[in-house]
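Novice: Top to bottom, those sequences are chains R and H. Each number in the working numbering comes from the position in the first sequence (counting from 1) with 107 added on. Each number in the working numbering comes from the position in the second sequence (counting from 1) with 971 added on.
Errors might be hidden in some of the hints.
Claimed, not checked - Calculated cross-link-like contacts (lysine-lysine; reagent style DSBU-like; alpha-carbon spacing at most 30 Å):
1. 1130(H) with 1167(H)
2. 124(R) with 1132(H)
3. 126(R) with 1130(H)
4. 125(R) with 1125(H)
5. 126(R) with 1132(H)
6. 124(R) with 1125(H)
7. 1130(H) with 125(R)
8. 430(R) with 1018(H)
9. 125(R) with 1132(H)
10. 1125(H) with 126(R)
11. 430(R) with 1075(H)
12. 1130(H) with 124(R)
13. 1309(H) with 1298(H)
14. 1167(H) with 1132(H)
Since the hints were made in silico from the structure, they are not lab data.
Here are the chains, one letter per residue:
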Amino acid sequence: MANLLALVQNETIKVWKKKRFAVIVLVLLVLIPVFVYAQLKIAQNDAAKFPDWRAELQQRITDNTNALSSDRIPEEWKKWRRALVQQLQYYLDHDVNPDSPNAVTFTSSFLENAVTLFIPLLVLAVASDLVSGERTAGTIKMLLTRPVRRWRILLSKLIALSLYVALIVVTASALSYAISGLAFGYGGWSAPVFVGFSLKGSDVDTSNVHAVAQGAFLLMEMGLVWFSALIVAFIALMVSVVVRSTAASLTTMMAAVISGMILSNMASSWHSAKYLFNVNLDLTVYLQGTPPPIDGMTLGFSLAVLASWGAAALAVAFAVFTKQDMIQ
Amino acid sequence: MKTESEAAKTDEAAGSETEPAKAQASASGCREVVLSVRGLQKNIGRKPIIRDVTFDVRAGEVLGFLGPNGSGKTTTIRMLTGLIQPTAGQALVCGEDVSRHPEKALRHVGCIVENPEMYPFLTGWENLEHFARMQPGIGPDRIAEVVAIVRMDKRIHDKVKTYSLGMRQRLGIAQALLGSPRLLILDEPTNGLDPKGIQELRAFIRELAATGLALLLSSHLLSEIQLLCDRVAIIAAGRVIAVGEVDELVRQAGVYTLWHLDRPDAGRSMLERDAGVTIVGEDEHRIDEALLASLPGAIVTRMDERAVPAWVESFVRSGIGVLGVHKVAPTLEELFLKLTEGESVG
Chain R
108 MANLLALVQN
118 ETIKVWKKKR
128 FAVIVLVLLV
138 LIPVFVYAQL
148 KIAQNDAAKF
158 PDWRAELQQR
168 ITDNTNALSS
178 DRIPEEWKKW
188 RRALVQQLQY
198 YLDHDVNPDS
208 PNAVTFTSSF
218 LENAVTLFIP
228 LLVLAVASDL
238 VSGERTAGTI
248 KMLLTRPVRR
258 WRILLSKLIA
268 LSLYVALIVV
278 TASALSYAIS
288 GLAFGYGGWS
298 APVFVGFSLK
308 GSDVDTSNVH
318 AVAQGAFLLM
328 EMGLVWFSAL
338 IVAFIALMVS
348 VVVRSTAASL
358 TTMMAAVISG
368 MILSNMASSW
378 HSAKYLFNVN
388 LDLTVYLQGT
398 PPPIDGMTLG
408 FSLAVLASWG
418 AAALAVAFAV
428 FTKQDMIQ
Chain H
972 MKTESEAAKT
982 DEAAGSETEP
992 AKAQASASGC
1002 REVVLSVRGL
1012 QKNIGRKPII
1022 RDVTFDVRAG
1032 EVLGFLGPNG
1042 SGKTTTIRML
1052 TGLIQPTAGQ
1062 ALVCGEDVSR
1072 HPEKALRHVG
1082 CIVENPEMYP
1092 FLTGWENLEH
1102 FARMQPGIGP
1112 DRIAEVVAIV
1122 RMDKRIHDKV
1132 KTYSLGMRQR
1142 LGIAQALLGS
1152 PRLLILDEPT
1162 NGLDPKGIQE
1172 LRAFIRELAA
1182 TGLALLLSSH
1192 LLSEIQLLCD
1202 RVAIIAAGRV
1212 IAVGEVDELV
1222 RQAGVYTLWH
1232 LDRPDAGRSM
1242 LERDAGVTIV
1252 GEDEHRIDEA
1262 LLASLPGAIV
1272 TRMDERAVPA
1282 WVESFVRSGI
1292 GVLGVHKVAP
1302 TLEELFLKLT
1312 EGESVG
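Generate the whole structure from the sequences, applying the supplied hints.
Specialist: Shown next, in the form of structure tokens:
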């Protein structure tokens, strides 16, 4: 029996030689400079509006400190304000304009915006034809008439796919950092970001708020983006097994991902929609403390929903692939 | 005048090194069985598309798998190679069941199912490396060896998308040979090849059979089977309706004797009077029309060939000039039609 490593090597080589990853890098190389340019324009506008940002920052610190001494403000709110003051003071001390972006903040906001649509699309470029592509080309007949059990073949494809998903997330982040750094400078790794906000009913619970370095924050975001991309990849693999043509498989997955984005934007009163995988893809909202698309969604909830979808997709993919008759 | 089967014989004689192998294979009926197909069935939904397929392929023999398009050849081959799970019955390769232990059974099988589709974005060599990794014990030496066998040395490092169909076919065969199989399954191997490519492939297949490989060739081309195979299994509407030696089946279908006489009408009335002679009407035989065109007014008969000298003598005595006597073997097409009489084919 052929060893699994050799099979994974086969699958990795095929994706690479098909130039799928090259296309992804090319897309990133074209689009990131466009985003960087847009961001640069915004920064220039802001700079024109507020010529003395230090004075403005000092004003905000004073306002918040004054509010802290007021009795009318509840204790939790004071905690949040103290955190904010701490953050603003850091910027002032380090002579950093919080509104002027650097490569780290740019990369982080790029990932936040890319997680629901852009990254999944890049993942689909690899995942969607992993099995259906072999069927369309007819090479599946060569692949499955070799003395290897089918589940091992699919497993090797799954492992190769997971490697590429990780590579895509890292490459997108690295290119974003490298390109935006040209415009905004490469600093900003240690600037503090405040995390730990959570929603309790209509209130923001700030009891767990603490500062982390922006670099660490970026890594956390990358981890979450990786996880949601991986789930998209698993589901795409399942669709690629079930649907015979690559075009159909790609269209199905794109429709699923895009409809998730639309649903999230509908600030849904349809509560059970929160069990759909595609409204849970934006895991980074939980880090920023912005409210999730549907009430009752938390980081843990979203991770659990995504994990269940991923596991179910893999179960279907393996069950179908190992039994399926390769008639055409 | 050469009939199709006579042409096959001369062809064989030309490739003299393959002659002993073929003779040997057909002489011994008790060679080791490499592929044993037993009562294979396949239903799609409720509709049976393969009803009963049973045959054996022995080492060193070429078995032709003959049937019209849609008769179930490819479905059967897909079951033999693990692509389709049979509804009932089994296919054993060297004693291992293909559907239960594909990883053991397929080790001994090399195959091309329909077209030899390889990865067009890889080079020929990379394709072979890819398939070599799927089976233990195949190193670069073996890859170089099969490349040499199919004579692809010059273009092996080019991308497959630049290959002609003939080269893809050869690369497909190289892939099939990689694991040193004991059974080679080729589905419609001459499809889309030019005449030169077909000729090369035939010679190559005979060479392979001479090394003791068991070969299963499917075809809807009757001449192909006659030229290449020792035995034939004939499939129609999902059923194997006959298995036997090609020559034997041809003999069973009967040989024609064609009389070309200067007074055909007188000759015909003489022949009609003999109970041992059957005159075959124009619509009842399927002799190549090109052949008949060169014998205008020829009388087509079936008779014992030993009676031919006596008939020549009696024609001469009656003053009827004999311009020519021809023996014509039936084509496999005719044989096929005879076997499937009354069944709707397709």
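Novice: Against the 30 Å threshold, does the CA-CA distance of residue 126(R) and residue 1132(H) hold or violate the hint?
Specialist: Holds: residue 126(R) and residue 1132(H) sit about 15 Å apart, inside 30 Å.
Novice: Does residue 125(R) sit within 30 Å of residue 1130(H), going by the straight-line distance between their CA atoms?
Specialist: Between residue 1130(H) and residue 125(R) the Cα gap is close to 12 Å, so the pair holds against 30 Å.
Novice: Going straight from one Cα to the other, do residue 124(R) and residue 1132(H) come out at no more than 30 Å?
Specialist: Measuring from Cα to Cα gives roughly 13 Å; hence the hint holds.
Novice: Run the distance test for residue 430(R) versus residue 1018(H): straight-line Cα separation, threshold 30 Å.
Specialist: 19 Å, holds
Novice: Please verify whether residue 1309(H) and residue 1298(H) have alpha carbons no more than 30 Å apart.
Specialist: 20 Å, holds
Novice: Between residue 1125(H) and residue 126(R), is the straight-line Cα distance small enough, at 30 Å or below?
Specialist: This hinted pair holds, its Cα atoms lying about 25 Å apart.
Novice: Holds or violated: residue 125(R) and residue 1132(H), Cα atoms, limit 30 Å.
Specialist: 12 Å, holds
Novice: Regarding the pair residue 1130(H) and residue 1167(H), is the alpha-carbon distance no greater than 30 Å?
Specialist: 23 Å, holds
Novice: For residue 1167(H) and residue 1132(H), compute the direct alpha-carbon distance and say whether it is at most 30 Å.
Specialist: Distance ~21 Å between residue 1167(H) and residue 1132(H) Cα, so the pair holds.
Novice: Measure nothing beyond the straight line between the CA atoms of residue 125(R) and residue 1125(H); if it is 30 Å or shorter, mark the hint as holding.
Specialist: 24 Å, holds
Novice: CA of residue 430(R) to CA of residue 1075(H), is that 30 Å or under?
Specialist: 18 Å, holds
Novice: Straight-line Cα separation of residue 1130(H) and residue 124(R) no greater than 30 Å?
Specialist: Status holds; Cα separation ~11 Å.
Consistency note: the structure conflicts with none of the earlier hints.
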